[in-house]
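As a plain string of letters, each chain reads:
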Amino acid sequence: NAGVTQTPKFQVLKTGQSMTLQCAQDMNHEYMSWYRQDPGMGLRLIHYSVGAGITDQGEVPNGYNVSRSTTEDFPLRLLSAAPSQTSVYFCASSYSSVFEQYFGPGTRLTVT
Amino acid sequence: DQQVKQNSPSLSVQEGRISILNCDYTNSMFDYFLWYKKYPAEGPTFLISISSIKDKNEDGRFTVFLNKSAKHLSLHIVPSQPGDSAVYFCAARPGTASKLTFGTGTRLQVTL
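The listed protein sequences derive, respectively, from chains H and Y.
Sequential numbering from 1 applies to the first sequence in this note's numbering.
Sequential numbering from 1 applies to the second sequence in this note's numbering.
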């Protein structure tokens with residue numbers, strides 16, 4: 001099993017550009033989520049999904065969109081990048097919301 | 001409003017000694033708590049958890065203690081090893097709810 005994979009590992013964007021961060025898992029997990037990690041802030045939940053076709057907002061959803069068309073994939077879209085979105089982004093998955101989450105290796109995003 | 005707080009940003013412990021990492025929470029609805037460990041350039045990995053119906057949970061060198069009345073939990077690592085050097089995040093959630101709330105992390109350095 002590859003576990004949770006994220007691409008790209010690094011990305012630099014200009015303000016106003018859009019992009020999609022990819023996340024995939026091969027463990028047949030129903031629950032998937034996106035977090036951002038900022039210095040002194042810990043990990044904050046952006047969006048999550050409890051199964052294919054179902055998504056919901058987390059703590060900091062503004063500026064991000066998600067969709068869940070398959071169990072395996074949970075992409076995160078930045079609609080119009082802003083410098084405040086400079087962060088490290090982690091995708092995570094678990095069998096269900098009550099189980100511990102497995103994290104991907106992260107994507108380091110810089111918006112100039 | 002930081003609902004999960006890790007007030008010590010860093011901790012240095014000698015190899016073989018006990019490491020004690022602390023976490024406080026303010027939301028009385030939290031009843032499941034987890035510790036994650038994170039190495040640089042990697043995603044967090046699950047370490048140990050505890051439900052509010054218990055006050056202690058042990059897994060090898062790692063023990064988590066929960067004091068519900070004080071809204072405080074701690075992670076004990078005995079004996080500490082150089083490979084334990086990492087950032088440790090405390091996380092909490094209410095019941096079977098999906099959303100995890102993370103603390104800001106404590107960087108543990110185990111010295112020889």
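It is worth saying that the hints were derived from the structure and are not from the lab.
Don't take each hint at face value.
In silico BS3-like pairs for lysine-lysine, Cα to Cα no more than 27 Å straight-line [to be verified]: (1) Y:Lys37 x H:Lys9; (2) Y:Lys68 x Y:Lys54; (3) Y:Lys56 x Y:Lys68; (4) Y:Lys37 x Y:Lys56; (5) Y:Lys71 x Y:Lys54; (6) Y:Lys99 x H:Lys9.
Just a few of them, taken from the derived set where beta-carbon distance is under 8 Å, the chain Y residues facing chain H [claimed, not checked]: (7) Tyr39; (8) Glu42; (9) Ser49; (10) His72; (11) Pro82; (12) Gly83.
Pair ranges (Cβ atoms, derived) [unchecked claim]: (13) Y:Asn57 x H:Ser96: 26 to 32 Å; (14) H:Thr5 x Y:Gly83: 21 to 27 Å; (15) H:Gly63 x Y:Lys99: 32 to 38 Å; (16) H:Lys14 x Y:Ser12: 38 to 44 Å; (17) H:Gly63 x Y:Leu112: 40 to 46 Å; (18) Y:Gly83 x H:Gln57: 36 to 42 Å; (19) Y:Ser8 x H:Asp73: 36 to 42 Å; (20) Y:Ser69 x H:Pro8: 29 to 35 Å; (21) Y:Gly60 x H:Arg77: 22 to 28 Å.
Just so it is clear, CB atoms sit at the ideal spot from N, CA and C, and this is done for glycine as well.
Hint-by-hint comparison with the structure:
no.	hint	verdict
1	Y:Lys37 x H:Lys9	20 Å, holds
2	Y:Lys68 x Y:Lys54	10 Å, holds
3	Y:Lys56 x Y:Lys68	11 Å, holds
4	Y:Lys37 x Y:Lys56	19 Å, holds
5	Y:Lys71 x Y:Lys54	13 Å, holds
6	Y:Lys99 x H:Lys9	25 Å, holds
7	Tyr39	10 Å, violated
8	Glu42	6 Å, holds
9	Ser49	6 Å, holds
10	His72	17 Å, violated
11	Pro82	22 Å, violated
12	Gly83	19 Å, violated
13	Y:Asn57 x H:Ser96: 26 to 32 Å	20 Å, violated
14	H:Thr5 x Y:Gly83: 21 to 27 Å	25 Å, holds
15	H:Gly63 x Y:Lys99: 32 to 38 Å	19 Å, violated
16	H:Lys14 x Y:Ser12: 38 to 44 Å	41 Å, holds
17	H:Gly63 x Y:Leu112: 40 to 46 Å	45 Å, holds
18	Y:Gly83 x H:Gln57: 36 to 42 Å	37 Å, holds
19	Y:Ser8 x H:Asp73: 36 to 42 Å	38 Å, holds
20	Y:Ser69 x H:Pro8: 29 to 35 Å	47 Å, violated
21	Y:Gly60 x H:Arg77: 22 to 28 Å	41 Å, violated
Consistency with the previously given hints fails for numbers 7, 10, 11, 12, 13, 15, 20 and 21, ordered from lowest to highest.
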